[in-house]
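> So the sequence shown is numbered by my numbering: it starts at 9 and just counts up by one.
None of these hints come from the bench; they were simulated from the model. Even for Gly, the Cβ is constructed at its ideal location relative to N, Cα and C. One or more hints might be untrue.
[Said to hold, decoys possible] What follows is a set of in silico ranges between Cβ atoms, one per label pair, in the way DEER data are often shown:
hint, residue 1, residue 2, range
1, Glu70, Leu118, 16 to 26 Å
2, Gly384, Arg182, 45 to 55 Å
3, Ala135, Asp73, 43 to 53 Å
4, Ile315, Ser51, 31 to 41 Å
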Amino acid sequence: MSGSGVVAAQLRVGTAPSSLVLNAVRMGGPSVRDQVAARTGLSVATVNRQVVALAATGLVNERPDLHEGRGVGRPKVPITLDRDRFCVAGMHVGARRTTLVIADLGGRTLYSHAIATQDLAGVSADAAVERLCEQLAELAARFSGRRLLWVGAALGGAVDPETGVVDHPILGWRDQKLGPTLYAALGVPVSVSEHVQAMAAAELLLGGEVVPHGAALFFYARETVGMAMIINDQVHQPTRGAGSIAALPVVPGPLHSEPVAPLQSVIGSAALKAAAERRGTAPDDRALVDARAGALGQAVAAMRDVINPDSIIVAGQAFTDHPRGLAPVQARFDAATTTHWPLEIAPTRFGLHVTEAAPVAVALAAVYADPLTVVGAAD
9 MSGSGVVAAQ LRVGTAPSSL VLNAVRMGGP SVRDQVAART GLSVATVNRQ VVALAATGLV
69 NERPDLHEGR GVGRPKVPIT LDRDRFCVAG MHVGARRTTL VIADLGGRTL YSHAIATQDL
129 AGVSADAAVE RLCEQLAELA ARFSGRRLLW VGAALGGAVD PETGVVDHPI LGWRDQKLGP
189 TLYAALGVPV SVSEHVQAMA AAELLLGGEV VPHGAALFFY ARETVGMAMI INDQVHQPTR
249 GAGSIAALPV VPGPLHSEPV APLQSVIGSA ALKAAAERRG TAPDDRALVD ARAGALGQAV
309 AAMRDVINPD SIIVAGQAFT DHPRGLAPVQ ARFDAATTTH WPLEIAPTRF GLHVTEAAPV
369 AVALAAVYAD PLTVVGAAD
């Protein structure tokens with residue numbers, strides 16, 4: 009960890025023995041050592057050593073009260089995740105709403121608080137960052153009975169994961185030291201991630217089971233649009249920062265005056281309102297929401313044809329606000345794709361709470377990857 013307290017986010021499934029055992033217990037529920045060994049491929053002896061170490065740090069509990077069999081000895085005593093001893097803090101800075109959240113070791117939200125990002129418009133970028141970090145610290149202080157292990161932050165725009173310095177063009181933030189400021193306010197390590205990559209990490213790490221080996225595309229569309237990739241249990245984080253699909257050309261129909269337009273220009277609420285004013289209708293006019301669904305389906309199909317993933321996951325109100333859900337997106341996707349095997353677009357498992365889960369996943373990714381070191385460093 010640097011002197012700034014910032015640690016580059018590693019959005020992946022951990023492979024260390026302690027990580028494998030902790031993940032097997034948190035995802036599998038109460039488990040005896042034989043079951044953990046079967047899930048992880050580790051020997052029972054290795055599992056036993058890791059359980060002893062994890063229990064000593066308070067990450068897991070041995071629960072003899074859950075033992076129902078006739079066997080004797082500790083190997084038959086179920087192990088559970090300790091959800092009461094630790095917590096992590098998270099911040100998602102969105103174009104319209106910023107979410108502050110405290111979560112337990114399993115990723116369950118203990119408390120969250122939403123702030124209208126526009127309320128920060130009247131202050132300088134420096135003051136806005138300071139205010140948000142102070143508010144998250146105040147929220148974490150309400151859970152003083154738990155040990156805070158890590159802070160995760162996620163936002164659109166440019167993120168330097170090594171330094172925690174960010175740009176947020178919509179908010180007018182430039183070279184803001186979000187990571188170091190969070191560290192100064194909360195006093196524990198901080199990781200900062202691009203928000204769509206963080207959402208993909210939530211899908212990978214907190215969705216109840218690990219995404220199958222292979223490749224998955226994760227699309228997000230609300231006021232902004234973005235895409236991330238999960239490849240073999242790891243969110244791809246390009247060395248030079250996240251790419252952009254904002255300029256991907258789509259056929260916008262009534263959403264734009266041109267026959268072809270950039271995707272970013274037709275998916276937000278401003279685009280719907282402008283189109284509605286031109287047509288003299290409401291923003292939820294069927295022709296407009298159908299056009300947006302069609303543009304999204306076309307964009308997803310274009311990226312599918314380039315990458316040919318095993319699965320596609322989508323999130324954000326631009327996808328979900330249509331009265332018929334994802335059906336119109338899927339129909340346009342099916343018509344536009346040139347890869348001739350069927351693929352069903354799946355919604356995120358977190359629904360409207362995906363922006364809440366994203367920074368939590370950034371924080372917990374560090375804990376899950378090396379739990380004994382993280383908790384040992386916090387002692």
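> Now, for every hint given, state plainly whether the structure supports it.
Outcome of the hint check:
1. At roughly 24 Å, the beta-carbon separation of Glu70 and Leu118 lies within the given 16 to 26 Å, and the hint holds.
2. Checked against the hint of 45 to 55 Å, the C-beta distance between Gly384 and Arg182 comes to roughly 37 Å, which is inconsistent with it.
3. Between Ala135 and Asp73 the C-beta distance comes to about 51 Å, which sits within the given range of 43 to 53 Å.
4. Between Ile315 and Ser51 the beta carbons are some 38 Å apart, a value that agrees with the proposed interval 31 to 41 Å.
In the structure shown, a violation is registered for the earlier hint numbered 2 alone.
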